[in-house]
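Sequences listed follow chains H and P, in order.
FYI, the numbering for the first sequence is 1 to 370, going by the working numbering.
FYI, the numbering for the second sequence is 371 to 1015, going by the working numbering.
Hints were generated in silico from the structure; no laboratory data involved.
We put the CB at the ideal spot given by N, CA and C, even for glycine.
A couple of the hints might just be wrong.
[To be verified] Chain H residues, not near chain P, derived (Cβ > 12 Å throughout):
#1 30
#2 43
#3 46
#4 51
#5 53
#6 132
#7 169
#8 195
#9 196
#10 239
#11 258
#12 302
#13 312
#14 347
#15 350
#16 367
[To be verified] Here are the simulated lysine-lysine pairs, DSS-like style, with alpha carbons at most 30 Å apart:
#17 P:984 x H:6
#18 P:821 x H:225
#19 H:51 x P:821
#20 P:958 x H:173
#21 P:958 x H:219
#22 P:989 x H:9
#23 P:989 x H:204
#24 H:225 x P:958
#25 P:776 x H:348
#26 H:51 x P:913
#27 H:6 x P:958
#28 P:958 x H:51
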Amino acid sequence: MATGAKGCKELFSEVIETGLCALCGACTGTCPYLVYYKGKIALLDNCALLKGQCYEYCPRTYIGMDAISQQVFGVPYSEEELGTTKEVLMARSTDANMRKKVQYGGAVTTLLSLALAEGFIDGAVLARTSDDKIPSPFLAQSADEVLQCTGSSYMACPVLGRYNQIPKDNGNKLGIVAMPCQALAVAKMKKDPPENRASIGNVKLVIGLFCTWALSPDKFHQFLKEKLDLSKVKKFDIPPPPANRFDIYTTSGKISLPLDEIRQFIMPTCAYCLDMTSEFADISVGSVEGIEDWNTVIIRTDIGADLVEMAKRKGKLQIDKLPSANLTHLKEASLLKKKRALNEIIKKSGDKNNLLYVGLSPRLADKLLA
Amino acid sequence: MANIDKDAPGTSQLLIGNEAIARGALEAGIGFAAAYPGTPSSEILGSLAQVAKEMGIYAEWSVNEKVAMEAAAGASFAGIRALASMKQNGINVVSDFLANLVMSGIGKGGLVLVSCDDPSAISSSNEQDTRTIAKWLDIPLVEPGDFQETKDMTRWLFDLAEELGTLCMLRSVTRIAHARGNVKLGELPKKQRKAYFDQIHDLKSVMPTTFMPIPSPLRHSFLHMKMDKARGKFEGSAFNRYVGPNKADLLIITCGSCWLYSQDAVKALKLEDRVGILKLGTLWPLPEKFIREHLGKSEKLLFVEEIDPFLERGVMEMVANLPLSSPRPIFYGKRSGHVNAYGELNPDLVIKAISNILGLTYQPRDIEYRKKAEAFAKSNVPERSMTFCAGCPHRATFWAIKNALKLDGRGGVVTGDIGCYSMALGPAGFFQVRTMHCMGAGAGVANGLGKLGQFGFDQPVLAVVGDSTFYHATIPALINGIYNQSKFILVILDNNATAMTGFQPHPGTGMTAMGEPTKVVSMEALCRSLGAHVEVCDPFNLKDITATLLNMMAEGGGAKVAIMRRQCELVRAKKDKPPYKVHVDPEKCIGEACGCDRLCTRIFLCPGLIWDKKTGKSKIDEIICTGCGVCVDVCPQGAIIKEAA
């Protein structure tokens, strides 16, 4: 199944109307017709173009995994559980104050701030959560602005729309903090650079986040709003298994909800996602099971390695070895997501040879489905 | 406008039909005129209002036709001659009052109702024939066939109304109302009457004066007596006449502008010796004796009249009552299919009907010539679509409505009615409006849609209405929506003018028909006093109004009001220079390479934007662009630049 010449009509029929849309934002921001609003992509008018970049860069339309891997890493798509890796380690910010505000070890915030400070990038596209806890895309251009974006809302956010909005003549170097689906879309863009947007070559750094699933922003926000005063919320957290809780830290203490209560808000598309660790990022960051205040960090590219090395050298990040049990468990979880997703995809397509958007080599597909 | 107040009896003036009506009313000594604007009737009150002060009369644009008629009746009750004019739709608005007024009778001041019909609905939502209401109401009805008659009939009708003590009606059509002809002026009265509501006026001077429709059967019988009297007067009226041979192959019975078409047709066919024309000016009650005298002229009758077979049916009823021994003519007309039972007529259609009946072949000119002439004429006419003017605030409002409904994603429905904004049924308003009936109907229909929640209805409902229409016919629907908690948003497109009919003032404008400043009836204060959540917005601020509409759609509760306020561009442009100078930066416009696929000229469709086929890019038509700057926020590339002018 090749992408071919398809446009927004097919984007709707194949992705949005089938519940595959991940709200990554890749189709928004530049097109006047495709607009994100309250958890949905709306089509404001008929676009008569037969071929659209909306369809082309969607992470839920056909992806030749080998081809994009070749583009990003110079090798075909890795058969390893965690994708292409250089090193997997554990890190945390050396700034104890900052660690109080961030999700786990503050690795993302630290790396972005450093990249900005060193002129490695001029800005970073990421999700910022408003006072009433609605995440929206944001272009941070200073360490202060990066700090405004700490913490996860666990809700999908069309971050790539913000990249698409950058004027095409803007030469600023960019970083992107991406969910796995967003890292995929960026990889697709790197493979076939978009037209009429800021050059994808300007994207110097992709920091990927681990993701098991994301929550549907509008519905989940409505649910939370009915439960509590969102302006009092300081942080959300889903502690690693077996906690099975969704923790809400508020100014007046912690509220825990059973995870099962919020599962109904999981985006349907997440069931069809193979990627837990943002395999197409330069650096992927997540939590560490059982070790609070630290991040798991997967270095995948030279750029990623250089940045982590610099952070270590400048004393911004404290680095440690990831315990082998954690690594094993991470790999198991990552593999499990791939297997589950492939099975769900086949269930949806009704044909074991039709993997919808996933362009895997038959060998790897068979291996994962075995 | 022409000098309808020229005091030069015996001289001729070139007047449009509506001005001739106004002049006739002035010559009749009218003191009071009221109307609601509506094409093709608007120039009647418009021209009277212009001369009202110097002529010592009073003229007003009333809030609607019903109030106009009632106000005019009030003047009549106090002895002042009064006129109410309206288009055909207005007759429906006023009909409830009329049905009672004919029973109560008018006052000492002659009272005349003018209805201007619009065959083919050139400027209307329908082509209703209002002649039938005269029959329904039992009131005398006349219809002029030329401009002189238009003036003379109007003048005479006031005398008739006073003499009979009943409302009299003059029907006109677009081609009389808006065409122009010579009118020989009569005398203007030198003195106005004193207005006085005579408290006791019955014969024995004991009963208080009352105007009421009851006791109805008794008053109904009085009304019939008045009609008998009217018929008697009509029998000898000079407005009815026959021209043609004593024995004709065909007798045309016609009225109004169709009389002109009939004369043209007979002349073109050179059938003056074979076809006679019976022209009627007094249409109801029919002058039966007069008609009967001419029926024997031919055994074939052709009825040439627009819209409904009013005369055709009337004469049929008459003939049915003739003695059995009388000759039975053959009826040709709408019933037989010889004349269209819809739309305007013209000399060609009459020629076709006559030729058909008399078995003639008529070819005015060879077909090739005709094709060439048409093609040549078309080549001189620039292509224009039916759209909002450049800079029209409605385009911006409908752009925001479209986007808000799409973003909301629940399939919101827009109901509408009559006004410039009716164009939003089509591409000008991005096909947003889905219902269009009479004035205020959008809000009424929204009341129903907004109460369907219990049946699973979750689509947002927006009712669009113009500012003038808001005052005219929407307020009860809004009250109903608030009181009965119907979930809809009333979007008032407030451009501070009755724009479609020629910028007549309304209660929101602060100006009277006679040019006097007056108190503005604030629509937002009114709506808020009803308890509605009201937002007042500037439609040129696309982002804000989209957000406002989205928020209002997301809210619960009953009817809400969003006022989109910005002056009609045609009014603004008369007073002020364009606010911006707008141009397309050819560097930024990426033309056909843009993913928007010509959004500016394919979807937004402001006539001020044109697609330059040579460069494959957008550009501004500097002649048409009014510098509103809205398109700046529509171009996805930011290629449209506005600079303070």
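- Query: Which of the stated hints cannot be reconciled with the structure, identified by number in ascending sequence?
  - Reply: 1, 2, 3, 4, 5, 7, 8, 9, 19, 21, 23 and 24
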